[in-house]
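Enquirer: What follows is each chain in one-letter form.
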Amino acid sequence: SAVISQKPSRDICQRGTSLTIQCQVDSQVTMMFWYRQQPGQSLTLIATANQGSEATYESGFVIDKFPISRPNLTFSTLTVSNMSPEDSSIYLCSVEGKRGNTEAFFGQGTRLTVV
Amino acid sequence: GNSVTQMEGPVTLSEEAFLTINCTYTATGYPSLFWYVQYPGEGLQLLLKATKADDKGSNKGFEATYRKETTSFHLEKGSVQVSDSAVYFCALISNAGGTSYGKLTFGQGTILTVHP
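Protein chains in written order, with my numbering: chain E, 1 to 115; chain R, 116 to 231.
Worth flagging that the hints you see were computed from the coordinates, not collected in a lab. It cannot be assumed that every hint is accurate.
[Claimed, not checked] DEER-style ranges, computed between Cβ atoms:
1. E/9 <-> R/130: 25 to 33 angstroms
2. R/168 <-> E/30: 21 to 29 angstroms
3. R/183 <-> E/12: 45 to 53 angstroms
4. E/84 <-> R/156: 19 to 27 angstroms
5. E/30 <-> R/200: 33 to 41 angstroms
6. R/183 <-> E/15: 43 to 51 angstroms
7. E/10 <-> R/130: 26 to 34 angstroms
8. E/16 <-> R/182: 32 to 40 angstroms
9. R/129 <-> E/75: 44 to 52 angstroms
10. R/200 <-> E/9: 19 to 27 angstroms
11. E/11 <-> R/132: 37 to 45 angstroms
12. E/38 <-> R/130: 30 to 38 angstroms
13. E/75 <-> R/182: 34 to 42 angstroms
[As the list claims (entries may be wrong)] Per the computed footprint, the stretches of chain R lying under chain E, defined by three or more beta-carbons under 8 angstroms from a beta-carbon of chain E, are:
14. 155-163
15. 222-228
Because the structure is a prediction, the values reported are computed rather than measured. Cβ atoms here follow ideal geometry from the backbone N, Cα and C, with glycine treated the same way.
For reference, chain R alone in the conformation it holds in the complex (with noise of 0.2 angstroms):
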């Protein structure tokens, strides 16, 4: 079946450090890759997403490169700031079989905590 690891956490860091949150996975066919972002007391949101290997995912300075040959979706971002505080989330869709549209595998969250 399919699976999503993510870097244990939770993780502390001072503002304008670099981030990184490391993210692997399993899956069967040919699975999009999402990053999703949860502030605290609101919903998800999509951060950024990739649908095959070598694209890279962005939005608010944050990125991923789908690596396919090391079945990974590591997040990036060069310099975080107090307002990058929230729960994050890796997840896939994959299509195998056609019975996946749209239902996703999480991996476990990752806290991020960003201090002044």
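Looking at chain E on its own, in the form it has when it is part of the complex (with noise of 0.2 angstroms):
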């Protein structure tokens, strides 16, 4: 299994600003994910982060708004920018586990609110 911490565990934050998450892994990897849960909904994946390429986002997210750095292949960050009070909700970080598409793992989450 791998161990993820995320950074921080939650914070609130003014309209019009940004917030940078991190996610540390215990070992290497190759693809990193990163999830917003909105209040009450399921999860949703904003991006899949592979270390040395650009993010790849899913429908409905963009760079602008979610940039992404995977510097090495334990460590990614996920900035919120230009926050709105839409924003607040559980991001997550994940990793897929060793063997493939049998296994993936969750950091704790970062609880947002904008206010």
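With the hints in hand, could you dock these two chains into one complex?
Expert: Dropping the structure here:
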């Protein structure tokens, strides 16, 4: 299994500002994933981040709003830019397991409230 | 595309009652199926999984069987406890095209509340 640390665990931010969420994994992984869980909703994939290439965004998500960095095989950041109250969600980092499509591990999530 | 449909909640049960949460899916390729649980204020935890047809995943008294013929992966527990109160998510990973490793498609989640 993989141990994933996300920071911060929660934050309250003013609208119009940006927040960068960090995700650290205890082992090297090829792919890292960022999900959003809006209040009372399921999880939606924002983007897939591979080391050494630009992140791949899902429909409805754009790089200007959610820029992602992936500087090495154990670390990634997601920035929520120019925030509005609609961005209030839990943001979760996930990584694939060693056995490809049979595993996925999650961080504890970052609970973001935009006021 | 891939999709997962869960029974609508919330579900409220008394302790020791039998639990079923229905989950059906559509997917290309040969998906792996998962149940994740999210306890209040906590992150997502893998509850159980099944990687091929007729596999049964089990953990903590919960079970789910991968039924390819009905494209289902229903979660069951014979006797629930108050501590099982949480949100349960059915999910899949499909490896069709080799581009989906680790990329999960989730159902909408089912809130379970168990009363003493």
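Enquirer: So, for every hint listed, does it hold in this structure?
Expert: The hints, checked one at a time:
Here the CB-CB span from residue 9 of chain E to residue 130 of chain R is close to 31 angstroms, well matched to the stated 25 to 33 angstroms. A hinted range of 21 to 29 angstroms holds for the C-beta pair residue 168 of chain R and residue 30 of chain E, which are about 27 angstroms apart. Distance hint check for residue 183 of chain R and residue 12 of chain E: the Cβ-Cβ separation is about 46 angstroms, which falls inside the suggested range of 45 to 53 angstroms. Restraint check, residue 84 of chain E to residue 156 of chain R: a C-beta distance of roughly 25 angstroms satisfies the suggested window 19 to 27 angstroms.
Checked against the hint of 33 to 41 angstroms, the C-beta distance between residue 30 of chain E and residue 200 of chain R comes to roughly 36 angstroms, which is consistent with it. The hinted window of 43 to 51 angstroms between residue 183 of chain R and residue 15 of chain E holds, with their beta carbons roughly 48 angstroms apart. The beta-carbon spacing between residue 10 of chain E and residue 130 of chain R, approximately 31 angstroms, falls within the hinted interval of 26 to 34 angstroms. Evaluation of the 32 to 40 angstroms hint for residue 16 of chain E and residue 182 of chain R yields a failure: the beta carbon distance comes to about 49 angstroms.
Against the hinted window of 44 to 52 angstroms, the Cβ-Cβ separation of residue 129 of chain R and residue 75 of chain E comes to about 46 angstroms, which satisfies the hint. Between residue 200 of chain R and residue 9 of chain E the C-beta distance comes to about 22 angstroms, which sits within the given range of 19 to 27 angstroms. In this structure the hint that residue 11 of chain E and residue 132 of chain R lie 37 to 45 angstroms apart at CB holds, the actual value being about 39 angstroms. Distance hint for residue 38 of chain E and residue 130 of chain R: a CB-CB separation of about 31 angstroms, consistent with the stated range 30 to 38 angstroms.
One distance hint, 34 to 42 angstroms for the beta-carbon pair residue 75 of chain E and residue 182 of chain R, holds here, with the actual separation near 39 angstroms. Proximity of the stretch 155-163 of chain R to chain E, defined as three or more residues with a beta carbon under 8 angstroms from a beta carbon of that chain, is established by the 5 residues found. Under the rule that three or more residues need a Cβ within less than 8 angstroms of chain E, the assignment of the stretch 222-228 of chain R holds, with 3 such residues.
Of the numbered hints stated above, the single one contradicted by the structure is hint 8.
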